Every structure is written in structure tokens, then in C-alpha cells.
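**Q** Residue strings, one per chain:
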Amino acid sequence: MTRTARILGRALAALLLVALLLPVLALALTTRPADFGVAIERGLGDALLLSLVTTTMSAALVVLLGTPLAWWLARHEGRLARTAELVVRLPTVTPPAVAGVALLAAFGQAGLLGGALGGVGLRLPFTTSAVVLAQLFVAAPFYVLPLTEAFRGLDEELLWTARSLGASPPKVFFRVAVPLAAPALLGGLSVAWARALGEFGATLVFAGNLPGITQTLPIAIYVSMEGDLGPARAMALVLFAVAVALFFTLRSRVLSRALGRGAA
Amino acid sequence: MTRPWAPGDGARATVGLGLALAALLGCSPEERPTVFVAASLGDAMREAAARYEAERGERVRVVAAGSHVLRRQIEAGAPADLFVPADAAHVRAESLAPWIEEARPLVCNRLVMLVPESSELRTLHDLAGAERVVLGTPEVPVGAYAARVLARAEGRYGAGWRAGVEGHVRSRELDVRQVVSKVLLGEADAAIVYATDVRPGVRAIAIEAALDEVARYPLAVLRGASPGARAFGAWLAGPGRAALTDRGFAECP
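Chains A and B, in that order, are what the protein sequence lines are. Residue 1 is where the first sequence starts when you use this note's numbering, and the numbers rise one by one after that. Residue 1001 is where the second sequence starts when you use this note's numbering, and the numbers rise one by one after that.
Keep in mind that the hints were calculated from the coordinates and are not lab data. The model shown is predicted, which means the values in this text are computed figures rather than measured ones. The C-beta atom is built at its ideal place from N, Cα and C for all residues, glycine as well. The reader is advised that the hints may include incorrect statements.
To list a few chain B residues with every Cβ distance to chain A over 10 Å, as calculated [as the list claims (entries may be wrong)]:
id	residue
1	R1072
2	P1079
3	S1119
4	L1174
5	G1186
6	E1187
Just some of the chain A residues that point at chain B, by a computed CB distance under 10 Å [claimed, not checked]:
id	residue
7	G119
8	T127
9	L204
10	Y222
11	V223
12	G227
13	V244
14	V254
15	R257
According to the in silico footprint, chain A covers these stretches of chain B (three or more CB under 8 Å from chain A) [stated by the list, open to error]:
id	stretch
16	1163–1173
17	1194–1206
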């Protein structure tokens, strides 16, 4: 009986794998080389460049702002910290279009901070900065939450030992905590980056769609569906390839070891 | 008294779950007449469907989205009986031809300039003075129509005027609802949308007939459409049209 159970279990697992793999495979098999040429005419180059630039910026921001936040969340148990953690989780339960409307309500020119921002000359909607902000909003939880867990799981002994040996708190953080949490850091970053790359709804509502300024690759794909589907498929393949390449780069042993080497 | 999990229970549970799942996946949704309509026609069509249900007792499902998205879905085999896009060009498209049985004009729409209620803009010519202009992307009907209006206006006001307008375009939205929402939310100073999109909170500036564009919404009956759907289509083209014209759509010239 257990053998049947094992086979059944594997069959169910295979079913899901097939369901996930088939669409991507079909995409690769039905796209013709000529489609890429048309896709370039339709703005693939601009959209790809914009997607790469904006997601790099939002990834950098996520690491810069999210790492201290994750550390703080891991080191504090009070109600403030727990509430903060809930706030970090919010974007994951917010539908992207709703996130876009919310971003407009906060940072739009008619929004809560619109007047104040306008006063210092900052008009966010319809700008590339708005794209970065939208990506940051949706992607941040995927970086901060796993990293918080990793920091929580650190052996306190190691940190105390480092301190007792004379290391300053920043040194303990950068030379002990971060290298130990490196796998979670890189893993979270790769998921966050992928989420930012694929972001569509919030960007569209908050930043709009203007080729070269706010038309990211996901939006370009949607627009391209108006004409022949071939170029849209080509663009989708390019986006997918970029995401996969990014994923493997960030998860590579080389990078993980380089970050982890700080512990030496 | 319950017994603990014994060997074989796992397999039995999985099989049971699998069968239940298969049964669930196997049943198909009820076969209601399904109408795919352009985003701009969504509200009016739902109103029409409500009237039809009150009159004839049959429920009709209305799906509203960007015309090109719906067309792609139909081409991929989506279970639609009727299709009403915002541009007659869609029903003439080659890729859609195998799916269409027949198509005839249903209603028409005009375009207007949309501004916030507090706006100081008064005419189409003032469009060049709007700081943030939002249009539909040329790939969607409202964007294509707007481009034609602007081309005609350029003939009258000059290339410099057109360049001024284009320079202030901040976004080319993917369907007309998003264009309207930008103006409603105070994020745009002017837009070009359908006359039927005017609502409280925003003001419409009429575009004179010589410059304006007529948007044509054809009613296409798709192959395999159910008798119930055909009846709804016939009703729409007849007494049902009032439900649409009451919402601002016009009989086609």
C-alpha cells in the first residue's frame, strides 16, 4: 500500500510540474525568430532597458532599506515590531491594481502627500521614479520577511562572542550576521527582483504607460497583444529569460560564497 | 474510538481527494448567454442585461474589458456568444474571421474632451494648454479615435499646436476606464474619451462635428452561439437598443 501511496504522490507532484512547465514550453515552441524583429520595432528595446534599470534601482533600494528593517524586526519583540511586520506583509495581500490606486492616493498630485511633494518640485505620477516606487512597494515583503526569519535564527552565541572579542556592533552586523544570513538574503533578493520585473498592475495605475519613460516590458507585452500575437510572445520570452538569468545569478554558489566569506 | 493513521490510509485519502477534484473540474458552468463587450460599453450593457432579465427572465452574462483583449480570448476559444467591440475594425480582422457568423452595427459613440470640474479649459484648442494630458494608447479603440481627432485638429490649428499637445501627454492608457480614472483622481488635466464616459466629478467639452470621430460598435454573433444568445442579440438590435441609448450611446448615422 505504501508503494501505491508513493506512486500516487509522485503523480500528483508531476501534474503540478507539468501545469507550470507547459505554458512556458509552449511559449518557446510557438515563437518564430521573425517575431523578435517585429518586437524590437514595437519597442522591445526601450521596454527591456527600462525594466532592467528600474528593477535594479528598486532592488538596490530594497536591500538598502530592507536590510536594517529586517534586522530591527528580528531583534525586537514588542507590539511596535509585530505591527511593523504586519505592515511589511500588507503588499502581499494587496491586488496590484489596488496597490496602484493606493500609491496614487498617497503620492499622487491629488493625494495625501501631493501638495507637500509638489512644494519641493516632486511630481511622482507618470515618472520613472513612480515605476521604481511601485516596484519597491510590491517587492519589498519578499526580501524583508525571509531575511527577518534568517536574522531571527542566528545563533546569539556567535554574535556575543564577536562582541566580546572587541568587534563593534556594525562590524558584528556586517562581518558575522550578514554572511551567516547570506543564503536568505540572496534568495529573498532574487524573489523580490523577479516580482519587480513582472510588476504590471500597480505600475500601470501609478506610473501610467509612456514608451521610454514608464512602459516596462510587462506593459509593452500587453500593448503588443493588439496586433499579431507573435511579437508579444517574443517579448514574453525575453522577459522570462531575463528573470531566469537573474535568478540563477543571484542563487549561484559563487555569489553565496563571496557574501559568506565575510565571516572569515 | 478512533484508530490511528494506518498504512494505506494515505493512499485511500489521496484517491478520494483526487476523485473529488476530478468531479469538480469536470462539471461545466451553467450555459448562460455570454456577451463580450468593450470596456466603454460595460455599464450600459449590464443595464441592458438587467432589463432583459426583467422582461424575459433569462440571465445574460456580460464580460467587459479592452476590445483587443476580448478578441484574443475569442480567438483562443473563449466561450462567448456575442461580441461588441468599440471598433468595427475588430470584426473585420482576419484572425477573428473564422469565429464570426455575422456582424451588424449596433450603436455609435462620439468623443469628447474630458477635464476636471474645476478646469479652466473651454475648447479643444485649449488642449495644448493642459499640463498633463492622458490618452488611450493607439492600440485600443479610444486611443486610435483620439489620434484621428487630433490629426483633424492639427489640420485646423497647425503642427505646432499638435506638437504642444503631444509634448504634454503623460500616459497612454490601456483602456478608456483607466483614462477616465486618471482625470477623476486629479492626476490628469485633460483627456479624450467617449461621450458616454462623462460622470459626476468631471466635465465634458464637446468636440465639433467636423473634427470629431464616430466610434462604431458592431454586434457580432459568434459561431456556436446558443439560441438564447441569438435571442438576446435580436432584442438588443431591436427594443433593447433603448437601454444603450438611454446611457448616452447613439444610433449610428
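**Q** Each hint: holds or not?
**A** Verification of the supplied hints:
1. R1072: About 6 Å separates R1072 of chain B from the closest Cβ of chain A, which leaves it inside 10 Å; violated.
2. P1079: Answer for P1079 of chain B: holds, closest chain A Cβ roughly 20 Å.
3. S1119: At roughly 13 Å from the nearest Cβ of chain A, S1119 of chain B sits farther out than 10 Å, so the non-interface label holds.
4. L1174: Label violated. Min Cβ-Cβ 6 Å, cutoff 10 Å.
5. G1186: violated, 3 Å
6. E1187: Incorrect as stated: the minimum Cβ-Cβ distance to chain A is 5 Å, not above 10 Å.
7. G119: Violated - the Cβ of G119 of chain A stays beyond 10 Å from chain B, reaching only about 16 Å at its closest.
8. T127: holds, 9 Å
9. L204: holds, 7 Å
10. Y222: holds, 6 Å
11. V223: Hint holds; V223 of chain A Cβ to chain B Cβ min 5 Å, cut 10 Å.
12. G227: With Cβ-Cβ at 7 Å, under 10 Å, it holds.
13. V244: violated, 25 Å
14. V254: Because about 41 Å separates V254 of chain A from the closest Cβ in chain B, which is outside the 10 Å limit, the hint is violated.
15. R257: Hint on R257 of chain A: violated, closest Cβ of chain B at ~40 Å, above 10 Å.
16. 1163–1173: holds (count 5)
17. 1194–1206: This one is violated; 0 residues, fewer than the three required, reach chain A with a Cβ under 8 Å.
The structure fails hints 1, 4, 5, 6, 7, 13, 14, 15, 17 (numbered hints given earlier, in ascending order).
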